[in-house]
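**Q** Sequence:
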Amino acid sequence: MRGWRMIALMAGLLALPVMAGTPLPDGPHVVAMGSGKVVVAPDMAEITVSSQVNDVASLRAKQKVDAAVSAFLHALHQQGVAEADIEASDLSLNEDVDTNDDGRRVSNGYNASRSVSFKLRDLDRLNVVLDAALASGMNRFGGTSFTSSRADALRAEARAKAARNAQERATEIAAGFNARLGTVYSINSANNDLSAHFRYGANGLDRVTVSGSRAQPGRYLQPEIEFNESITAVFYIQP
Numbered sequence: 001m002r003g004w005r006m007i008a009l010m011a012g013l014l015a016l017p018v019m020a021g022t023p024l025p026d027g028p029h030v031v032a033m034g035s036g037k038v039v040v041a042p043d044m045a046e047i048t049v050s051s052q053v054n055d056v057a058s059l060r061a062k063q064k065v066d067a068a069v070s071a072f073l074h075a076l077h078q079q080g081v082a083e084a085d086i087e088a089s090d091l092s093l094n095e096d097v098d099t100n101d102d103g104r105r106v107s108n109g110y111n112a113s114r115s116v117s118f119k120l121r122d123l124d125r126l127n128v129v130l131d132a133a134l135a136s137g138m139n140r141f142g143g144t145s146f147t148s149s150r151a152d153a154l155r156a157e158a159r160a161k162a163a164r165n166a167q168e169r170a171t172e173i174a175a176g177f178n179a180r181l182g183t184v185y186s187i188n189s190a191n192n193d194l195s196a197h198f199r200y201g202a203n204g205l206d207r208v209t210v211s212g213s214r215a216q217p218g219r220y221l222q223p224e225i226e227f228n229e230s231i232t233a234v235f236y237i238q239p
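So the sequence shown is numbered by full-length UniProt numbering: it starts at 1 and just counts up by one.
Keep in mind that the hints were calculated from the coordinates and are not lab data.
Hints are not guaranteed to be accurate.
Said to hold, decoys possible - Distance condition first, Cα-Cα at most 27 Å in a straight line; then the derived DSS-like pairs of lysine-lysine:
| hint | residue 1 | residue 2 |
| --- | --- | --- |
| 1 | Lys62 | Lys119 |
| 2 | Lys119 | Lys37 |
| 3 | Lys37 | Lys161 |
| 4 | Lys64 | Lys119 |
Just need the whole structure built from these sequences, with the hints factored in.
**A** Set out below in C-alpha cells:
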C-alpha cells in the first residue's frame with residue numbers, strides 16, 4: 001500500500017498545476033499528463049488589410065479609403081473569394097491635431113481608415129491577392145494567419161494522441177512499482193494550442209512578396225501549422 005501511495009505522490013506532483021481543484025480518489029491511483037501534436041500544411045489563410053489616408057479635407061479622406069475598399073472587394077470577388085468569407089469594417093475618421101510653440105491648435109488634416117478581413121481558401125492565390133490589395137490602395141497589412149479547414153478533426157487527432165500518451169505514461173509508472181493500471185477515474189483536457197512556423201522547401205508556397213511581376217520567383221517557404229493538445233488523467237492502480 002505504501003508503494004501505491006508513492007506512485008500517486010510522484011506522478012501527482014508533475015500534474016499538480018493542471019489538476020488543482022480536481023478531486024482525487026481515496027484509493028491507490030496514479031496521475032499522468034499526456035501530450036499530442038499534429039503537424040500539417042495549411043490550406044487556408046485569414047488576412048487583414050487596411051487603407052489609411054490623411055487629407056486636409058475630411059470628405060476627401062473618407063472618399064479615398066472608401067474607393068480603396070471598394071476596389072479591393074471587387075478584386076477579391078474576381079479571385080473567387082466568397083462573400084461570406086469577407087468582412088469590411090466601418091469608417092474611422094479623426095482629425096490629427098497638434099499644438100505649436102505658442103500653444104495654438106494646429107490641424108494636420110484628417111486621418112481616415114477602413115479595413116478588410118477575409119479568408120483565402122486557395123493559397124496559390126496569396127501573392128496575387130496581396131498585390132491586388134496594394135494596387136487597390138490598401139496600404140497596411142495586419143498580418144496573415146495560416147490555418148486548416150480540417151482544424152476540428154486535427155485537434156481531435158491531437159487530443160487522441162494526448163490520451164494515448166497519458167495512458168502509456170501511467171502504465172509505465174505503475175509497472176515501475178510492480179502494479180497494473182486500472183480504470184480511469186477522471187480526465188482533464190486543457191492547453192489546446194495552434195501555432196504556425198515556416199521552413200524552406202522545394203514544394204512549399206511562394207514567400208509572401210508583394211510585387212508587380214512574378215518573372216523571377218524568390219525563395220520558397222513552406223508553412224506548417226501545429227495542433228497541440230494536453231490531457232491529464234487519473235487512473236486507479238491494481239496490485
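**Q** A separate judgement is required for each hint: does it hold in the structure or not?
**A** So, going through the hints one by one against the coordinates:
1. A distance of roughly 25 Å separates the Cα atoms of Lys62 and Lys119; the hinted pair therefore holds under the 27 Å criterion.
2. For the proposed pair Lys119 and Lys37, the alpha carbon gap of about 25 Å is at most 27 Å, so the pair holds.
3. For the proposed pair Lys37 and Lys161, the alpha carbon gap of about 7 Å is at most 27 Å, so the pair holds.
4. Taken as a hint, the Lys64 and Lys119 pair is honoured in the structure, with Cα atoms around 24 Å apart against an allowance of 27 Å.
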